[in-house]
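Respectively, the protein sequence lines represent chains H and W. Just so you know, the first sequence maps onto residues 782 to 929 in the numbering used here. Just so you know, the second sequence maps onto residues 472 to 982 in the numbering used here.
Simulated from the structure, these hints should not be mistaken for laboratory data. Please note that a few of the clues may not be correct.
Straight-line alpha carbon distances no greater than 30 Å define the calculated DSBU-like cross-link-like pairs of lysine-lysine that follow [said to hold, decoys possible]:
(1) W/K571 - W/K633
(2) W/K762 - W/K633
(3) W/K971 - H/K835
(4) H/K835 - W/K571
(5) H/K835 - W/K769
These stretches of chain H come out as covered by chain W in the derived footprint (C-beta under 8 Å, 3 or more residues) [stated by the list, open to error]:
(6) 787-797
(7) 811-822
(8) 825-832
(9) 917-924
Given the structure is predicted, the values throughout are model-derived calculations rather than measurements. All residues carry an ideal CB built from backbone N, CA and C; glycine is no exception.
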Amino acid sequence: MRRDLVCGGVLLAIVAVFWMQRDYGGQLTARFPDFVLMVMAALAVGIIVRALVKRETGEAGERRVDLRYLGAAVALLLAWAVGMSLIGFTISGVIVFVVIAQLIRRGRPQPRLVALDSAVGLAVVVACFFVFTRILLVPLPVSVLIGM
Amino acid sequence: MLVDLGQALTQVLSPQMLLLCALGVVGGMAVGATPGLSATVGLALLLPITFTMDPTSGLVLMGAFYMGAIYGGSFTAILVNAPGTPSSIATTFDGFPMTKAGRSEVAIIAVTVASVVGGVVGVLGLVLLAPMLANVVLAFGPQEYFWLGIFGLTMIAGLAAKSLVKGFAAGFLGLLISTIGISPVGGEVRFTFGSTDMQGGVPLIVALIGLFTVPTIVDLVVAPEGRSAAMLSEQRRRERRLLTNTVRDILSRPVNLIRSSVIGTLVGILPGAGGNVANLIAYNEAKRTSKRSDNFGKGEVDGVVAPEAANNAVVGGGLVPLLTLGIPGAPPDAVIYGVLLLHGLRPGNELFAEQGVLTFTFILAIAVSALLMAPVGLVAGRGLQRLVVRTPTHYLAPAIGVLTIVGSYAVRNNPLDVVLMVLLGLGGYGLRHLGLPPAAIVLGVVLGPIIETGFAQGLLAASGSAYPWTSFFTRPLSIVIILLVLMGAAWPMIANRKAKAEEQDRVEVSS
């Protein structure tokens with residue numbers, strides 16, 4: 782029940798945020814998004830009402846998620862997305878590659894494994910950089926320091 | 472025509488052309504398997520190379536590359552839940568569950584067979600039905616596109632495993648995402664949150680990579696043991712005669728293959744629809760009509776066969792309006808159109824009459840490329856599959872991360888797309904836990920522009936009448952599609968009732 786309430790609430794919040802952004806005037810421009818927003822709001826209310834009426838408890842078969850690792854994964858991906866344009870694709874890529882590899886290995890980082898992961902990460906990221914910039918001509922963001 | 476066809480056949484079977492076909496297929500597969508690089512991007516990159524070639528060689532290389540790229544998109548869809556091209560969206564629905572269940576090799580073999588059959592059927596459609604199908608294109612107006620999009624939305628009923636309401640909520644969220652940016656009719660800016668970078672909207676590939684791939688990366692970080700178990704079981708369980716058994720199994724249900732290929736050919740001839748719509752419709756029809764529909768979404772082999780047969784059939788289908796009317800059916804066809812024009816070739820009846828040998832060489836080369844996908848794909852595709860299966864999770868997850876980052880950046884060379892991709896992906900991960908399927912969101916993003924453009928243009932086209940909206944219900948082709956929509960919407964309920972009745976009969980018999 783709680784999950785359905787959160788789901789309905791999140792959908793209503795999305796509708797509210799988009800509704801407040803409505804600054805278009807044309808009838809043809811407005812008709813489709815307005816219709817979508819109204820249907821979404823109705824569906825969100827439906828989900829909430831059903832959750833309150835049914836009052837089911839607990840989600841059977843749902844696996845518990847380790848929030849520490851989830852938080853780390855979310856933070857890493859966000860930092861990678863933002864950091865790529867700041868410190869370049871290669872440096873950010875190798876750093877995040879090694880951190881993710883260490884996270885998945887679990888336990889305390891061992892210098893030998895960190896060195897191994899760094900070497901693999903460097904090979905993968907540099908290969909990717911050269912394929913995309915030299916063959917596919919995609920100008921990836923580069924670091925001012927090392928030029929790649 | 473027959474003389475031209477004979478000469479074209481001789482030309483296609485020459486070693487030089489066969490080599491070009493093989494090179495094109497391999498190159499296309501590599502680009503198609505890279506998330507973010509679509510067939511269009513690959514063909515555009517190939518364009519300068521064809522300048523130096525004679526028109527026939529250039530077109531043959533382009534055709535083979537296009538076919539390979541559409542096929543290659545299935546590899547990453549199956550192995551890492553990242554569709555290489557939008558044409559492989561539906562392949563993830565059962566392909567990735569097959570990988571998680573340790574059956575990725577079966578999936579790779581299945582998509583290879585499906586792609587070969589789909590590719591050949593598409594070319595047959597092009598050769599045999601081109602003039603007739605070209606007339607159908609002209610009869611298709613905005614109203615029909617609107618209903619085609621609505622027909623695609625009925626697929627949500629199949630994607631929403633637990634709750635239809637949540638499935639529709641996810642689909643409408645996708646539709647909402649598709650409205651971000653400049654409106655297709657009217658040109659007004661919507662939902663950009665004050666950022667000029669958002670005026671271009673959310674690119675489909677960015678949404679695709681984010682919603683499918685980021686949750687996979689997060690899953691691998693949070694619970695790596697799940698993937699390791701499946702990987703080990705696939706490594707240990709090397710089935711004998713897997714190839715022949717899988718091929719035999721797929722060919723034992725030819726209706727699925729043929730129906731999906733026909734859907735792909737028909738959708739391919741509609742300008743603007745393309746492989747990303749065809750694969751979804753074919754998947755939906757396969758699920759709707761299958762005796763094993765309950766297995767769809769859990770790793771059903773027919774669930775990868777249908778979309779891959781359809782998307783490769785689109786290649787041939789898309790060339791029907793291009794070669795007969797000069798209307799590109801899909802964005803990659805527009806690049807091929809450019810090559811034709813660069814070499815002074817004008818699409819239309821004259822192309823077949825005056826440049827018959829060249830035109831048929833191009834068409835036959837696409838069929839040969841489809842056939843070549845079998846040996847090339849089974850070697851390269853299974854090689855990639857074994858590489859991915861053997862790669863430890865602690866290297867696979869960050870490697871997927873590198874590809875998703877670079878793939879989303881490559882769409883418009885815009886760092887904002889990377890941020891958008893990650894935000895959509897993390898949002899998709901959270902929404903999945905709340906019961907909103909990311910696949911339904913993607914469906915909305917794909918179908919949104921088709922529905923909105925069809926709706927607005929349909930109203931504008933009929934603005935002369937007192938009630939413009941009635942034009943959506945009175946055109947003969949619209950009525951046919953409306954009937955399909957009604958059937959599509961009602962089918963899950965009918966199937967459900969049928970299954971319940973059968974279950975009741977079984978209980979009565981056993982008691």
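- Holds or violated: H/K835 to W/K571, with C-alpha atoms at most 30 Å apart: violated (33 Å)
Given the hinted pair W/K762 and W/K633, is their alpha-carbon gap at most 30 Å?
-> Given that 30 Å is the threshold and the Cα spacing comes to 20 Å, the pair holds.
**Asked** Are there three or more residues in the stretch 811-822 of chain H whose C-beta lies closer than 8 Å to some C-beta of chain W?
**Response** holds (count 7)
Distance restraint between W/K571 and W/K633, which requires alpha-carbon spacing of 30 Å or less = Given that 30 Å is the threshold and the Cα spacing comes to 20 Å, the pair holds.
Worksheet entry | Given coverage of the stretch 825-832 of chain H by chain W, checked by CB-CB distance under 8 Å (3 or more) | It holds, with 4 qualifying residues against the three required.
Annotated coverage of the stretch 917-924 of chain H by chain W, confirmed only when three residues or more have a Cβ within 8 Å | Result for this restraint: holds, n = 6.
Holds or violated: H/K835 with W/K769, Cα cutoff 30 Å? holds (28 Å)
Q) Residue count check for the stretch 787-797 of chain H against chain W: does it reach three with CB-CB under 8 Å? A) Check passed, 5 qualifying residues.
Report task. Compare the distance between the alpha carbons of W/K971 and H/K835 with 30 Å, and conclude whether the hinted pair is satisfied. Result -> holds (23 Å)
Of the numbered hints given earlier, the model fails hint 4 alone.
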